[in-house]
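Given these sequences and hints, build the entire structure.
Its first residue numbered 0, the sequence shown is counted upward by one per residue in numbering that gives the first Met the number 0.
Incorrect hints may appear among the rest.
Here are the simulated distance ranges between beta carbons [stated by the list, open to error]:
1) 15 x 61: 30 to 40 Å
2) 61 x 176: 17 to 27 Å
3) 357 x 407: 22 to 32 Å
4) 1 x 77: 48 to 58 Å
5) 407 x 304: 42 to 52 Å
6) 159 x 27: 12 to 22 Å
7) 320 x 366: 51 to 61 Å
8) 398 x 197: 13 to 23 Å
9) 331 x 424: 21 to 31 Å
Lysine-lysine pairs mimicking PhoX-like chemistry, simulated, CA-CA at most 20 Å apart [to be verified]:
10) 293 x 357
11) 2 x 40
12) 370 x 293
13) 370 x 302
14) 358 x 302
Don't read these hints as lab results, they were simulated from the structure. Positions of the beta carbon are idealized from the N, C-alpha and C atoms, including for glycine.
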Amino acid sequence: MIKVCKFGGSSVATAEQFKKVKGIVKSDPERRFVVVSAAGKRTPTDNKITDLLLLVNAHIEYHVDCTSLLASIEERFLDLARELGLTFPVAEYFAEFANNIKSYSPQYIVSRGEWFTGQLMAEYLGLPFVDAKDVVVFHHDGTVDMQRTQTRLREAVVQTGGSFLLPGFYGATVDGQLKLFQRGGGDITGAILARCLNVDLYENWTDVSGFLSADPRIVDHPRAIHRITFDEMRELSYMGASVLQEEAIFPVREVNIPIQIKNTNAPDDPGTIIREGAREHAMEHLITGIAGKKDFVAIHVQKAHMSNEVGTVRRALSVLEHYNVSVEHIPTGVDSFAVVVNGDDVKDTIYSIITDIKKEIHPDAITLVDKLALISVVGRNMSRRAGTSGRIFGALGEAGINIRMITQSSQEISIILGVNNSDFERAIRVIYQSFGDDVVVSENANRVQK
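Okay, structure coming up:
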């Protein structure tokens, strides 16, 4: 078995965290490939190295001296090297970087967080350092050239003897132009490495022990999710339950490589396994997880005999496309429909959008509902239990919570509810208390028992 291990910024923030990483990697010979992010926060009031480098870019853009800022970044890396007894010449490389700072692209500057962290971790683990710019190949449009990347990564395996460390978050075009992934791109780098080398498991090490079934800031001590499908994870992540960068699932999902979320600070915790089809167990929770977000806006449109007209909804959606607004949900009726969008996306254009929709389709009425929260109740087992949605609606009704919108995913793994912002936290607690410990017993398990 071969594993790729990706360690996030919190896992490499201090010398003590470096030691934890080394203990994890050395404890399992199957952990042959390591990906690291830039050093993260040491304390809640500290700054991530990446944020400091972004600030360096801002200083350069506005012609502000960044000497002291660069010195503080250098000191972070010097401290790590000193405390761990490393020989990598941080001062020499950083002096060259600082002295030529204005000649570098913003992408190159930001990528140095991963580069310096990776160099230090590679020496500490005794692994060869492979620079991401030499193996992760981007097209000029920012997408990854997977074929070239796979070829280069497999060549790196041969050249390094079958094990190496790779910094995350960046790569380069064929002609050497350095490019970054979006924030959280270290997760994507790890997934690409796992896919290109066709490993057995992609471990993503962070500062939490996997996914929780609800936000612990809302629900006290929610249970951990030990098994989840890629589809369920996407539903929960999209609605705010973010542990893993969402785009990181696609490279490994396509080749059915499972992801395991693990906690660097509690490595013995089981974490969460994400795989294409979660294996059936004797006892499975009915609801996998509950997540949501506030501050959505719904545009309700009414027009008599709309169902007899062709293209009415399309014309309304073309207005939103013109304003570059993404649509979250479209609940429909016979002579009405609603378009739900993120409030931040339309805060400056909502009345222009409504005016243009009126011009486009001439509705009988348009109503705007703001301060709307969306809650997604996710579970691959919900379709196996009759009356699940009724229980959800009944529990909210008994709690006096008004449901403003209802929709269900086509895969029947999620039910999305719209409630008022003011009812958001209470609604999640009510749903969790109604289903948090409810389980279904698999039919296969019953047959085995008989």
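Hints, one by one, checked against the model:
no.	hint	result
1	15 x 61: 30 to 40 Å	holds (36 Å)
2	61 x 176: 17 to 27 Å	holds (24 Å)
3	357 x 407: 22 to 32 Å	holds (30 Å)
4	1 x 77: 48 to 58 Å	violated (35 Å)
5	407 x 304: 42 to 52 Å	violated (27 Å)
6	159 x 27: 12 to 22 Å	holds (19 Å)
7	320 x 366: 51 to 61 Å	violated (22 Å)
8	398 x 197: 13 to 23 Å	violated (49 Å)
9	331 x 424: 21 to 31 Å	holds (29 Å)
10	293 x 357	violated (27 Å)
11	2 x 40	violated (27 Å)
12	370 x 293	holds (7 Å)
13	370 x 302	violated (24 Å)
14	358 x 302	holds (13 Å)
Hints 4, 5, 7, 8, 10, 11, 13 from the list above are not met by this structure, while the remaining hints are.
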